[in-house]
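Novice: Please construct the entire structure, taking both the sequences and the accompanying hints into account.
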Amino acid sequence: MTGKNRQDYWKANMRLIATLLVIWFIASYGFGVLLVEPLNAIHFFGFKLGFWFAQQGSIYVFLALIVVYAWSMNRLDRGHDVEEQ
Amino acid sequence: MDVQLLTYLFVGASFVLYIGIAIWSRVGSTKEFYVAGGGVSPVANGAATAADWMSAASFISMAGIIAYSGYDASVYLMGWTGGYVLLAMLLAPYLRKFGKFTVPDFIGDRYYSNVARTVAVICVIFVSFTYVAGQMRGTGIVFARFLEVDVDVGVVIGMVIVFFYAVLGGMKGITYTQVAQYCVLIFAFTVPAIFLSIMMTGHVLPQTGFGATLLDAAGNDSGVYLLERLDQLVTDLGFSEYTSGTKSTIDVFFITAALMCGTAGLPHVIVRFFTVPRVRDARVSAGWALFFIAILYTSAPAVGAFARVNLIETVNDTAYEALPEWFHNWENSGLIAWTDKNGDGEVQMSAGDPFAGTPAYTGERGPHGERLLSNPPTDNPGEVYIDRDIIVLANPEIGNLPAWVVALVAAGGVAAALSTAAGLLLVISSAISHDLLKKQLKPDISERGELLAARISAAVAIVIAGYFGINPPGFVAQVVAFAFGLAASSFFPVILMGIFYKRMNKEGAIAGMLVGLIFTFSYIVYFKFIAPEMSTPEHWWFGVSPEGIGTLGMIFNFVVALVVSRLTAPPPESIQHIVEDIRVPRGAGGAVDH
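Line order of the protein sequences matches chains B and F. Sequential numbering of the first sequence, starting at 1, is according to this note's numbering. Sequential numbering of the second sequence, starting at 1, is according to this note's numbering.
Please keep in mind that the hints were generated in silico from the structure rather than gathered at the bench. Do not take every clue at face value.
[Said to hold, decoys possible] Derived SDA-like pairs (lysine to any residue); straight-line CA-CA distance at most 20 Å:
1) K247/F / K11/B
2) K97/F / W10/B
3) K11/B / R280/F
4) K502/F / N13/B
5) K502/F / W10/B
6) K100/F / I445/F
7) K4/B / F500/F
8) K97/F / D81/B
9) K502/F / A12/B
Specialist: What follows is the structure, given as structure tokens:
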């Protein structure tokens, strides 16, 4: 394994983390906290949307983010030949 | 069979199961004692993490807190789940690669300093004792409620059970009992939740029933959404709207962040990820943990809303004698109290306290058969005191569920309290036997000696935690502020920078950790203990409550650490290699490059 490969692997990991954390932030702090009032004007089934994000939606998004991360990292590990044997 | 007997049977059977697992999984090495030998499957570890994580408070009190504070309680829902995203991406896989036994282990090695290690040990012990004392108390309360024994006797029974599997089985015993405890507690929580959802909305899933329309008394669709009805009911009684909050946006933001980062920084959660075999398992396992937690955390707000509607519609403006039996039962247990202020014989609800303090019963009965109180009434029209824990405890009765469901809820409550207590006790014992004794005071201690020391310190920790459970000191009630605030302001930043910033050195880490810790600790102590009357938004810094101040402490920690590390020498070459090595999953590959 070369130093270059290692650096590429780490950079790809950082990009992935950054993207997913932006979504993490928007789904919870964005929709559930900062924008909760404007979003509450929108109805989503029987919920006000902002309230739904704060008490339900954000949790589903969190779960999806971990699944995407774990799956993408397995691919990335193999792609850079750094996976565990 | 009567409820009491069934409850003894269910709780007793669950204890036999836990002790059986303890005997089956007893350990012979420190690696097994500290990290279950590193051979736990990611799914089992996920379930164990979920049980470890969901305490008596999550199980018994959370739905009630949500029922009474509506949107404001979202901080707990987001805060206690969002932290797993941080764990999965920023901490767990790298700490698993590092491959040691404890959190102070990582901090001590990465920052090549026993001072850093000792600061971490002190912090681990304080955070964990604050947390565990509340769990022991929780076990006692569950026993007291369901089995009619004294709270103190309940604490002692809890101590004996935990002693058995923590001392005998260490992390291995704890892990497999936690898996069993998760099954018990999630079944106990979801069964009443599903019944309640079907009863009120016709939806099987509480998560969709939460956003559905209510059924009327005849079982037909009333066309009114649950949450609309709830908003209307509570505003009629003078509360603010259920779906919008009363806390300031900045406070909600800061509390959520402190709970998320605190979750990711709590030692008893982090060590769970040391028990899986590989780095990739650590990532997947965080996903399983959140999945198992989310089952309860997405049901709880639905349960809270169902129960609140049900409670108001059943109780408000109803004659005392006409109320269902559960109301009188829980009044007899001391969780409900009624004082007929206007003398109409009906129970009126309203925002604000009906009387000062918690109910002080005189021992006499009033004209309607109610227990009389000596509390001075307040001048608001509300007449009824309802303890929030009722929401979960009385659910089976409110939903007319069979007696075995009540017994199941009791077993679930005990499981939730015991599993969290055990995880915390293990962290305390390994901090003492491994980080203090083996790594500092007596490095030449034998494997057997260290294992014995770990067992003795677990036993001593149980006794101290039990003592705090029986005589709870003031700080125990402030678990949210102390445990999460301190974990967020001390561990989370130093571990994060230890992995993601190679240039971070011991001077920066120690300075950052101390600043974060001392600032957060002082702020909480000042507003919670020295001057509680000052604890209002006007006096808080930037309007941030003590529950959210850990976020500010964390920011200070980051800033101080970065500045100090820039002004001092970089860490030695060997440390930078450690950091490079933990960033890639492959084990042996690390040595090839240098």
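Novice: None of the hints should be skipped; say for each whether it holds.
Specialist: These are the hints, each one checked on the structure:
1. K247/F / K11/B: Distance ~40 Å between K247/F and K11/B Cα, so the pair is violated.
2. K97/F / W10/B: 15 Å, holds
3. K11/B / R280/F: 18 Å, holds
4. K502/F / N13/B: 16 Å, holds
5. K502/F / W10/B: 13 Å, holds
6. K100/F / I445/F: 17 Å, holds
7. K4/B / F500/F: OK: K4/B and F500/F at ~18 Å, within 20 Å.
8. K97/F / D81/B: Within the cut-off at roughly 16 Å; holds.
9. K502/F / A12/B: Holds, at about 17 Å.
Hint violations for this structure: number 1 only, all remaining hints satisfied.
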